Each structure stands twice: as C-alpha cells, then as structure tokens.
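Engineer: The residues making up each chain are set out below.
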Amino acid sequence: MMKVVEGSYAIADAVRCCSPDVVSVYPITPQTHIVEHLSEFVADGKLDCGYINVDSEFSSLSSLIGASAAGARTYTSTTSQGLALMFEVLYNVSGMRLPIVMTTVNRALSAPLSIWNDQQDALGARDSGWIQIYAENVQEAIDLTPQLYKISEDPKILTPSMSCMDGFILTHVYEPVEFLDEEKVREFLPPFRPEYVLDPKNPKTFGAFTDPSWFTEFKYLQHQAMQRSLEKIEEVSKEFEEVFGRGYGGLIDTYAMEDAEIVLVTMGSIIGTIKEAIDELRSEGVKVGLVKIRCYRPFPAEALKKALKDANVIAVIEKDVSMGYESALLTDLKGALYNSSIRTPIIGFAVGLGGRDVGIKHIRSMVEKASKVKDAGIESEFEIFEVKPECL
Amino acid sequence: MQESLFAPGHRACAGCGMPTAIKLVLDAAGPNTIVTSPTGCLEVTSTPFPESSWRVPWIHSLFENAAAVASGVEVALKKFRKTDINLLVIGGDGSTFDIGIGAISGMFDRGHRITYVCYDNEAYMNTGVQRSGSTPFCAKTTTTPTGKLSLGNPRPKKDMPAIAVAHKVPYVATASIAYPVDLRRKVKRSLKADGPAYIQISAPCITGWSFEAGDTIEQARLAVETCLWPLYEYVDGVLVGAKKVRRKRPVEDYLKTQGRYKHLFKAEGGAEVLAQIQAMADANAEKFGLLD
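These protein sequence lines map, in sequence, to chains V and R. In case it helps, the working numbering puts the first sequence at residues 1 to 392. In case it helps, the working numbering puts the second sequence at residues 1 to 292.
Everything labelled a hint here was simulated from the structure, so no lab data went into it. Fair warning: this is a prediction, and the values are worked out from it, not measured in the lab. A hint or two may mislead.
Claimed, not checked - Here are the computed lysine-lysine pairs in the PhoX-like style, where the Cα-Cα straight-line distance is at most 25 Å:
| id | chain 1 | residue 1 | chain 2 | residue 2 |
| --- | --- | --- | --- | --- |
| 1 | V | LYS204 | R | LYS78 |
| 2 | R | LYS157 | R | LYS79 |
| 3 | V | LYS305 | V | LYS232 |
| 4 | V | LYS201 | R | LYS157 |
| 5 | V | LYS46 | R | LYS157 |
What the hints assert, rightly or not - Partner residues aside, some chain V positions facing chain R, computed with beta carbon under 7 Å:
| id | residue |
| --- | --- |
| 6 | SER19 |
| 7 | VAL22 |
| 8 | LEU85 |
| 9 | GLU88 |
| 10 | TYR91 |
Even glycine gets a Cβ: it sits at the ideal position worked out from N, Cα and C.
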C-alpha cells in the first residue's frame with residue numbers, strides 16, 4: 001500500500017527495517033529529519049539499537065568504526081559540511097574495510113554558505129573508497145538501503161557505501177511511497193556476521209600501520225573489492241527486484257534510448273525533470289534519450305560504453321564543478337570512452353548549484369545546445385549553466 | 001608472573017617511559033579488555049604491520065577520534081549484552097589535550113563506561129618534540145625553541161584532569177610510572193566506575209626531555225617529589241586522596257637534570273622562571289595537601 005510521507009521519514013523507516021545495531025547521529029540541514037525519525041523509533045521501542053548522540057560528524061563516523069569493528073551493523077547520515085568534516089574518517093573506514101552504510105544528503109559546500117542542494121559534497125568524496133549510488137526519487141532511496149547493506153557486507157566486498165539523495169528535493173518532499181516489508185527485508189538481507197571482530201577471546205589488532213613494503217598491496221586489494229562490487233551491485237539489484245518487485249537497472253538505467261541521437265547523462269533527482277523534458281521533446285520529434293548513472297563509484301565504464309555506442313552527441317548534466325577544470329562526471333565519462341571506438345562529441349553543463357532550480361525549459365535549452373554540436377562542432381565543451389550577468 | 005599483555009619487541013626508544021605505563025595499565029586491567037589508541041608513539045611503535053605487541057584486542061583509527069571509536073565499541077557491546085569487558089583508550093598527550101579533546105568531551109558527556117588513559121610525555125614526541133597543550137611552562141620544544149626572545153613554551157600546562165572533573169565523570173586520577181602499585185590500583189578502581197574515567201600518567205620521554213639513560217623512573221619520581229606532578233584522585237567530582245610527599249624537593253632538582261630546561265640555568269630571566277615554576281609546585285602542594 002502506498003503512503004504519502006516525507007522523504008526523510010521514508011528513509012528512516014527503511015533503515016529501521018535493516019535492523020542496524022548502532023546508529024550515530026548529528027544534526028545538519030537538510031539531513032536532520034532522518035535522524036530525528038530514527039530517534040523516535042528508538043524512543044517508541046520500534047528500533048532496538050544503540051543510539052549515539054555524538055559531538056560532531058567527525059565523531060559520528062568515528063564511533064561507527066568502533067561499533068563496526070565490534071561486529072555491529074551501523075548507520076549514520078550526513079550532508080555537505082558534515083561530510084567534509086568526515087573526510088579523514090571516510091578514507092579510514094574504507095581502508096579498514098568496514099561495511100558502514102551512510103545516507104549522504106547532497107548539499108552545496110560553503111563558502112558562500114548554502115543549505116540547498118547540489119552534489120559537490122559527495123563528488124568531493126569520490127576517491128575515498130566508498131561505493132556511491134545516487135537515487136532519483138524517494139522510492140529508489142528507500143530501496144537502496146537494504147541493497148547497500150547487502151553489497152557492503154559481502155565478505156568479498158567489505159567496502160562502505162553511501163546512498164546519495166538530493167537535499168530538500170528528496171528529503172523534504174511528500175510523495176506516495178511503498179514502505180519496505182520487514183519480513184521480506186529479513187529474507188533479503190542476511191545478518192551481519194564479520195569474520196574478525198574485537199573480542200578478548202580472540203585478540204586481533206585493527207588499524208596497524210604499514211611501511212612502503214605493504215601499503216600498495218592494501219590499496220590493490222581495496223581496489224579489487226571495488227571492482228568486484230560492480231557485478232555485486234547488478235546482482236543485488238536483480239535480487240531485490242525478484243523479492244520486492246521494484247527494479248532500477250543496476251549500475252545505470254536508460255530512458256527513451258531507442259534511436260536516440262542526443263543522449264543526456266546525469267544522476268540524482270534531476271532525472272524526473274529530464275524525463276518530462278524528454279517526453280515533450282520526443283513528441284516534437286527530437287531524438288533525445290537519457291542514461292541515468294546510479295552507481296558513480298565504482299564507475300560503470302563498460303555499461304556506459306555499451307549504452308552510449310550509438311549516440312551522436314552526449315551532454316553530461318551535473319551539479320558540481322572541479323574548479324579550474326570542469327565537472328567530475330564529465331571528466332570521468334570522457335576518460336571512460338577515450339580508449340574505446342566511440343568518438344562521439346561530449347559536452348557538459350554544471351547546473352543547479354547551491355539549489356538553483358532546474359526546470360524543463362533549462363533541459364530543453366541544454367538539448368538545443370547539444371543538437372548544434374552535431375553539425376557545427378563543439379563550441380563550448382563545458383559551461384556553468386545560465387550564469388546571471390547582472391549578479392557578477 | 002603472568003605473561004605481559006604488551007609483548008616485547010615493540011619499537012619504542014630504549015629508556016622510553018611509555019611501554020612501562022602500558023604494561024602496568026594492562027597488568028591491572030587483565031586480558032578481558034579492549035583497547036583503542038589514537039595515532040602516536042604508542043601506535044607506531046607497537047603495530048608495525050604484520051607485527052603487533054598487543055595481546056588484547058586493539059584498534060587504531062585516527063589521531064583525534066579514539067574516544068569516539070571507543071564510544072562506538074562500548075555501544076555495540078552493550079547492544080550485544082557483553083558488558084563485562086573492560087574498555088580502555090590509551091593515547092598520548094597530543095591527541096588527548098589538543099586534537100582529540102572534542103571527541104573526549106563527547107565521550108565524557110555521554111557517560112560511556114570507558115577508562116581514558118593518557119600517557120603524558122608533555123609534547124608531540126612521535127613527530128619530533130613539538131609543543132602540545134601538555135608541555136609545561138618554559139620547556140624547550142622544537143616549536144617553542146629558546147632564543148633571544150624566547151625562554152621556551154610561554155604557557156603553563158593545560159589542566160586536563162580538571163577538564164575531566166568539570167564533565168562530572170565519576171573517576172579522575174593522576175598516576176606515575178614511578179609508583180606502579182598506586183598506578184595499578186587506580187586503573188582497577190577506574191574500571192569499577194559507573195561511567196567514564198580519566199587517568200593521566202607521567203611517562204618521561206628520554207629523547208624529548210633529554211635526560212641520562214637509565215634515569216626514566218627517577219625522572220618520574222622527581223616530578224612527584226617536587227610536587228610538579230601531584231598524584232591525586234577525584235571520585236564524583238570530590239578530591240578523595242593525594243599521595244603525600246615525605247620530603248619535598250626543590251624544582252631545580254628535577255629541572256636541572258633535563259635538557260629541555262637547561263636554558264633556565266643560563267639565560268637571563270631564567271632565575272625568575274625557576275621561581276615561577278617553584279611557585280606552581282608550591283601551589284600544587286597546597287591545593288592537594290601533599291605535605292604533612
């Protein structure tokens with residue numbers, strides 16, 4: 001049965017269904033409602049877990065290191081400045097191979113201070129060794145939660161993961177969603193039983209330091225686990241669909257791609273708007289399609305090569321900028337295609353920074369720019385979209 | 001005698017006070033213990049992969065988060081109904097007094113049942129003797145050097161035990177490797193406390209303090225006998241005891257044996273500083289009732 005709830009409540013409920021042993025929380029807009037709802041579940045006896053009100057996001061993720069090493073299934077959520085404060089801990093978690101799952105509510109990074117959505121925060125954590133999957137809508141974010149535990153906790157993967165969802169747009173929206181069925185989650189997600197835990201009966205050393213004769217091999221093994229997760233993500237996605245009847249396409253998904261000449265590539269909640277714009281444009285005869293990136297790390301290079309092989313022009317639309325170059329997904333995608341036979345021109349747009357609304361008319365304008373590339377060649381490889389000259 | 005829970009073969013300097021402190025702490029806590037350590041001398045000298053000196057479970061994450069990591073261990077064990085395990089954090093003064101103090105404050109504030117042990121060697125020794133919040137007044141370090149305009153560290157040592165007491169934690173104590181019976185008793189007592197505990201142990205550093213080889217324990221003893229390192233205990237915020245100093249020695253007896261204070265006996269203004277340090281020792285004797 002569908003129910004209309006706030007996105008944050010829906011996520012909290014999905015976390016509850018995954019039965020975490022330890023949850024660590026710290027308030028930051030627009031993530032706060034998730035942890036408030038979790039604390040209500042604990043207070044009402046609906047979630048039996050250790051619940052830590054920590055002193056910072058740095059401590060929230062740090063406390064989960066201890067909890068996870070002691071054998072606990074763990075959860076926290078954060079956004080923007082909180083994620084930036086965790087930066088050092090992110091690398092530590094993945095290096096220690098602790099399968100922590102975190103919701104990253106996507107929000108701009110200060111300065112200037114902005115509490116609104118873009119994806120600069122998570123993109124900045126691209127290389128931290130965390131699996132990153134972006135949700136298009138609340139339902140997908142709900143359904144991602146048990147999938148991420150299953151992927152991360154696999155003994156062959158043991159890699160932390162973040163479920164990325166756009167701040168306010170998804171966390172604060174009220175829309176009808178299907179809640180997870182607890183019984184089905186139990187069937188889908190086995191209990192967390194790590195091989196090594198902090199146990200006085202079997203004392204082990206966690207977090208030793210290494211000299212140059214070992215460090216490379218640790219990183220090699222970590223990289224291999226990440227690579228293995230590509231397959232695991234697809235597998236778990238299919239399994240989820242079998243049990244729950246809802247599927248999202250694994251690493252990537254496509255929309256209106258049959259005979260598409262102009263292909264938009266993007267991730268996150270903007271996809272809803274893009275699909276509407278595509279429907280409009282298709283009805284007008286414009287052959288435009290969409291490749292939705294669900295999994296950004298590990299990067300689904302092979303899946304993208306396959307999906308993009310027949311495109312005439314590719315336009316990457318994303319909510320981040322690497323100052324002094326271009327946007328991250330654009331760079332990654334160009335890199336993935338460079339040694340392939342695909343020679344399709346690629347352009348990129350940074351949009352929606354600090355919460356600026358992106359509507360159908362904006363998508364149409366980007367498609368129009370892309371359509372000119374086919375005949376006139378690339379005029380601008382990358383642009384920050386619709387900068388207002390009067391504000392400069 | 002039982003096998004030490006801190007195995008030999010660690011890489012600490014000959015004459016380092018820290019391993020003595022660790023052995024005494026683990027000896028008191030016993031094998032049913034989990035230790036969390038921040039980055040520092042202890043971590044790098046005891047766990048060069050694939051070796052480890054730890055015969056109890058041990059975890060290290062970062063420099064400034066040991067108290068938070070240990071909090072997570074405690075909450076997880078509580079969830080698993082394993083509440084009989086002793087939980088220790090053992091870290092140096094840099095991580096305790098400075099970079100990790102936020103996480104420690106959180107751990108104290110939330111009331112986790114963890115004993116936080118600081119082995120205090122009064123500077124960042126792992127990186128090569130830089131000033132920390134624990135460095136005493138006018139000690140020379142590589143970031144508070146002596147010079148025409150400097151007599152060393154311009155600030156007094158931060159009163160970390162008082163900060164712990166201000167958090168209303170049930171047990172706070174100072175200890176010294178020169179008083180092993182007292183140290184072990186305090187660790188045992190701390191582990192019975194119904195909540196967080198803080199123990200700060202004087203652990204002289206031979207390279208950072210620059211004293212004669214073989215003098216480590218003597219240095220720690222002199223700190224106590226000069227009243228510069230009072231040994232005391234607070235239970236539920238109340239001072240319940242302090243080790244009496246039978247024969248109070250002048251601070252010079254302690255300072256003159258260490259390279260980090262050498263300038264005070266030569267440079268202009270040194271005599272005034274020595275008088276100031278003596279006044280600090282006298283104030284300690286008065287405050288904690290160290291003399292009969």
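Engineer: All hints, please: hold or fail.
Structural biologist: Okay, the hints, checked on the actual structure:
{"no.": "1", "hint": "V:LYS204 to R:LYS78", "verdict": "20 Å, holds"}
{"no.": "2", "hint": "R:LYS157 to R:LYS79", "verdict": "39 Å, violated"}
{"no.": "3", "hint": "V:LYS305 to V:LYS232", "verdict": "19 Å, holds"}
{"no.": "4", "hint": "V:LYS201 to R:LYS157", "verdict": "40 Å, violated"}
{"no.": "5", "hint": "V:LYS46 to R:LYS157", "verdict": "48 Å, violated"}
{"no.": "6", "hint": "SER19", "verdict": "11 Å, violated"}
{"no.": "7", "hint": "VAL22", "verdict": "5 Å, holds"}
{"no.": "8", "hint": "LEU85", "verdict": "11 Å, violated"}
{"no.": "9", "hint": "GLU88", "verdict": "6 Å, holds"}
{"no.": "10", "hint": "TYR91", "verdict": "9 Å, violated"}
When the structure is compared with the earlier hints, violations turn up for hints 2, 4, 5, 6, 8 and 10 and for no others.
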